[in-house]
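*Asks:* Read top to bottom, the protein sequences are chains A and B. The first sequence begins at 4 in this note's numbering and counts up one residue at a time. The second sequence begins at 3 in this note's numbering and counts up one residue at a time.
Rather than coming from a laboratory, the hints here were simulated on the basis of the structure. We put the beta carbon where it would ideally sit given N, CA and C, even for glycine. Errors might be hidden in some of the hints.
Unchecked claim - Chain B is faced by these chain A residues, among others (derived, beta-carbon under 7 Å):
| # | residue |
| --- | --- |
| 1 | Arg20 |
| 2 | Tyr23 |
| 3 | Leu24 |
| 4 | Gln37 |
| 5 | Ala41 |
| 6 | Trp44 |
| 7 | Leu45 |
| 8 | Arg99 |
| 9 | Leu102 |
| 10 | Tyr121 |
| 11 | Ala140 |
| 12 | Ser143 |
| 13 | Gly146 |
Stated by the list, open to error - Far from chain A, by Cβ distances over 12 Å, these chain B residues were calculated:
| # | residue |
| --- | --- |
| 14 | Gly100 |
| 15 | Ser113 |
| 16 | Phe114 |
| 17 | Pro175 |
| 18 | Asp197 |
| 19 | Gly239 |
| 20 | Arg241 |
| 21 | Gly245 |
| 22 | Glu253 |
| 23 | Arg263 |
| 24 | Leu266 |
| 25 | Leu304 |
| 26 | Glu324 |
| 27 | Arg331 |
| 28 | Asn365 |
| 29 | Thr392 |
Listed below, chain by chain, are the residues.
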Amino acid sequence: MTEFVEYVAQRNERLRRTAYLLTRDWAVAEDLVQTALAKAWLAWRRIDGDPDPYVYRIIANTHASWWRRRWRGEVPTAELPERAVARDFTRDLGERDALWTAIGALSNRQRAVVVLHYFEEMTLTQVADVLGCSVGAVKSQLGRALTRLRVDQGVQTMTGAER
Amino acid sequence: MSHTEHDLRELLAARSEGGGRGGAAGLDGILARGRRIRRGRRWAAAGTLAAALAVLAVLTPSLLAGLPGGKGRQANIAASVGEKGSPGENKEGVRLAGARSESTGKVERLSFTPRSGRTFYRVNCAAGWAFVRLGDQVDGGQCGADDTQWTMSGSLGEAREGVPVTVEAFTVPASQVSQDIRDRSDGALSSGDFDRVLADATPGAGLWEIAVHDGYVLTSSCSPDICLDGTTFAARGERNLAGVPNGHQVEGHRYTEINKRFALKVEVKDGARVYVRCAGEDLHAFIWAGKADRSGVLAKSLPCGAKPALWEFSSSGGGPTEITVAVVRRDRLPGGTDFTSDLQAASKNANRLLGTLRPEAGNWEVSVQQRDEPEAKVHVSEGPDGRRYTFDD
Numbered sequence: 004m005t006e007f008v009e010y011v012a013q014r015n016e017r018l019r020r021t022a023y024l025l026t027r028d029w030a031v032a033e034d035l036v037q038t039a040l041a042k043a044w045l046a047w048r049r050i051d052g053d054p055d056p057y058v059y060r061i062i063a064n065t066h067a068s069w070w071r072r073r074w075r076g077e078v079p080t081a082e083l084p085e086r087a088v089a090r091d092f093t094r095d096l097g098e099r100d101a102l103w104t105a106i107g108a109l110s111n112r113q114r115a116v117v118v119l120h121y122f123e124e125m126t127l128t129q130v131a132d133v134l135g136c137s138v139g140a141v142k143s144q145l146g147r148a149l150t151r152l153r154v155d156q157g158v159q160t161m162t163g164a165e166r
Numbered sequence: 003m004s005h006t007e008h009d010l011r012e013l014l015a016a017r018s019e020g021g022g023r024g025g026a027a028g029l030d031g032i033l034a035r036g037r038r039i040r041r042g043r044r045w046a047a048a049g050t051l052a053a054a055l056a057v058l059a060v061l062t063p064s065l066l067a068g069l070p071g072g073k074g075r076q077a078n079i080a081a082s083v084g085e086k087g088s089p090g091e092n093k094e095g096v097r098l099a100g101a102r103s104e105s106t107g108k109v110e111r112l113s114f115t116p117r118s119g120r121t122f123y124r125v126n127c128a129a130g131w132a133f134v135r136l137g138d139q140v141d142g143g144q145c146g147a148d149d150t151q152w153t154m155s156g157s158l159g160e161a162r163e164g165v166p167v168t169v170e171a172f173t174v175p176a177s178q179v180s181q182d183i184r185d186r187s188d189g190a191l192s193s194g195d196f197d198r199v200l201a202d203a204t205p206g207a208g209l210w211e212i213a214v215h216d217g218y219v220l221t222s223s224c225s226p227d228i229c230l231d232g233t234t235f236a237a238r239g240e241r242n243l244a245g246v247p248n249g250h251q252v253e254g255h256r257y258t259e260i261n262k263r264f265a266l267k268v269e270v271k272d273g274a275r276v277y278v279r280c281a282g283e284d285l286h287a288f289i290w291a292g293k294a295d296r297s298g299v300l301a302k303s304l305p306c307g308a309k310p311a312l313w314e315f316s317s318s319g320g321g322p323t324e325i326t327v328a329v330v331r332r333d334r335l336p337g338g339t340d341f342t343s344d345l346q347a348a349s350k351n352a353n354r355l356l357g358t359l360r361p362e363a364g365n366w367e368v369s370v371q372q373r374d375e376p377e378a379k380v381h382v383s384e385g386p387d388g389r390r391y392t393f394d395d
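Modelling step: build the complete structure from the supplied sequences, incorporating the hints.
*Replies:* Written out as structure tokens, the structure reads:
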């Protein structure tokens, strides 16, 4: 129990940030981390070694299952709210905002790969372990995600304007 | 590091700051939620037990009455649970579509309707590279024998639940894949690359298959005539795409010389098979039951092709079994020589031929596989297209 309390104290903030990058909503992120940590607490005695891969796996899987459930009932809006805000930013902020919007347009799986690799600094092997798939599948998802981010209309236009 | 990767790192770090401290996730809240989950699991377990007891209560009178087939049905239920396992992570999902081909440089198309947001594919090649396209997604990678997995697999990110799609795939020998394509096969291939490699490919012989599953795919469910180390049941009991009994390799070798006999001693029980793969060359395979001497019998004499030469046999007594294999150039076979009807005479003819030939360089491989399924459950019939199997599953 003491170890679990220490783990929560040490890792909670980082887990929240990761969960936010996956969900893009602080309330949902909080909910996701609480659920993941609750599941981890139940299995704490069975976790051998570093609990991080186990906890991240729960976060990724729980998020994926929530996303699937919510996606079915989701009604796409005509315009993403971030775009309206982006018009008021400086060019630098506008570029970042366009990239953020583009990340939001990635598939759930692709976003998870990007977040785990670029934010959590996990190797592709570690990402594959967390997501329960092959390294090849991670590579292909990451490649496609980067391709989509690079060819995103907003990003490409602004990058081009700089040159 | 590219500019985009740097941007990504900075952006992700910046965007995830803020949102308040979140109250250290509230340890009490976590523990309370954990207890709720535990209670839910107990209820679920209790519900399952109650349902099982209810089913048992219904079935018991008929089982006790000794209805015909009752015992068999029990046995089938047990077998099916044991074979299929429980669905979940790292288990192969339901197969949505599958195809086999004996041609390289020729596209195969699979149309199916995804059942969820997670659709995976698996391509298995005897040799070479595979390319898969769905919409803007193009994957390319090695899947041949050089990569001992024989597999290229991945997810179909553009597949959406309930929306029919068509996946295209083809394979080519590794020699037909340019360095430019290899360099960009880590996820940067375009639809134009797919078309270009296909247009430039020289059609040839090569065995490969593609399977699309809802959820994960397992490399171990590859057909045993491609993945010579054998195959196992897919999680939901789908048969391998070749439709042949599953099995595992007990002895396997790669040879670099032809015109030479190689003896193998293996331990197999009941049904077993020998595959000799010598595709891509104008070659001919000989397989002897026993030694290639006066006591030996020529079991098979077959031209090499896309499919490996196959000899199936049954070793009822167990213990060591001797097998001899050889591969020669097809144009060295003397015209009119009988290698099929009288097997002992054929053995002499094959030995005489090999005695006149000098060993030369040539790549081929042999795999002896133990069939894993009970002989009584496998039924064989010979048809115009070759041997067909049906199974008592």
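*Asks:* Now look at each hint and say whether the structure bears it out.
*Replies:* We went through each hint and held it up to the structure:
This hint holds: Arg20/A has a C-beta 4 Å from the nearest C-beta of chain B, less than the 7 Å allowed. Interface hint status for Tyr23/A: upheld, as the beta-carbon distance to the closest one in chain B is roughly 5 Å, under 7 Å. For Leu24/A, the interface hint holds, since its Cβ comes within 7 Å of a Cβ in chain B; the closest pair sits about 5 Å apart. Given hint, Gln37/A at the interface with chain B, holds; its Cβ is 6 Å from that chain's nearest Cβ, closer than 7 Å.
Taken as an interface hint, Ala41/A checks out: its beta carbon lies about 4 Å from the nearest beta carbon of chain B, inside 7 Å. With its C-beta approaching chain B no nearer than about 5 Å, Trp44/A sits inside the 7 Å limit, and its interface hint holds. About 5 Å separates the beta-carbon of Leu45/A from the nearest beta-carbon of chain B, less than 7 Å, and the hint is met. Evaluation of the Arg99/A hint against chain B yields a held restraint, the C-beta minimum of about 5 Å falling below 7 Å.
Look at Leu102/A: its Cβ gets to within about 6 Å of chain B, closer than 7 Å, so that hint holds up. Residue-level restraint check for Tyr121/A holds (minimum Cβ-Cβ distance to chain B is 5 Å; threshold 7 Å). Restraint check, Ala140/A versus chain B: the minimum CB separation of about 5 Å is within 7 Å; hint holds. With a least beta-carbon distance of about 4 Å to chain B, the hint placing Ser143/A at the interface is held under the 7 Å criterion.
Against a cut-off of 7 Å between C-beta atoms, the interface hint on Gly146/A holds, since the closest Cβ of chain B lies about 1 Å away. Interface exclusion of Gly100/B from chain A stands, the closest Cβ pair being 19 Å apart, more than 12 Å. Every C-beta of chain A lies more than 12 Å from that of Ser113/B, the closest at about 22 Å, which supports listing it as non-interface. No Cβ of chain A comes within 12 Å of the Cβ of Phe114/B; the nearest lies about 19 Å off, and the non-interface call holds.
Every CB of chain A lies more than 12 Å from the CB of Pro175/B, the least distance being 20 Å, so the non-interface label holds. Residue placement check: Asp197/B keeps its beta carbon more than 12 Å from all beta carbons of chain A (closest about 17 Å). Against the 12 Å criterion, Gly239/B stays outside the reach of chain A, whose nearest CB is about 21 Å from its own CB. Here Arg241/B stays apart from chain A, with its beta-carbon at least about 23 Å from theirs, past the 12 Å limit.
Under the 12 Å C-beta cut-off, the non-interface status given to Gly245/B relative to chain A holds; the minimum distance is some 26 Å. Residue placement check: Glu253/B keeps its beta carbon more than 12 Å from all beta carbons of chain A (closest about 28 Å). No beta-carbon of chain A comes within 12 Å of the beta-carbon of Arg263/B; the shortest separation is about 39 Å. Residue-level check passed: Leu266/B sits 33 Å from the nearest beta carbon of chain A, beyond 12 Å.
Under the 12 Å C-beta cut-off, the non-interface status given to Leu304/B relative to chain A holds; the minimum distance is some 34 Å. With a minimum CB-CB distance of about 39 Å to chain A, Glu324/B clears the 12 Å threshold, and the non-interface call stands. The beta carbon of Arg331/B sits about 37 Å from the closest Cβ of chain A, which is more than 12 Å, so the claim that it is off the interface holds. Distance check for Asn365/B against chain A: the nearest CB is about 26 Å away, which clears 12 Å, and the non-interface claim stands.
Non-interface status of Thr392/B relative to chain A is upheld: no Cβ of that chain comes within 12 Å, the nearest being about 33 Å off.
Every hint, counting from the list given before, is met by this structure.
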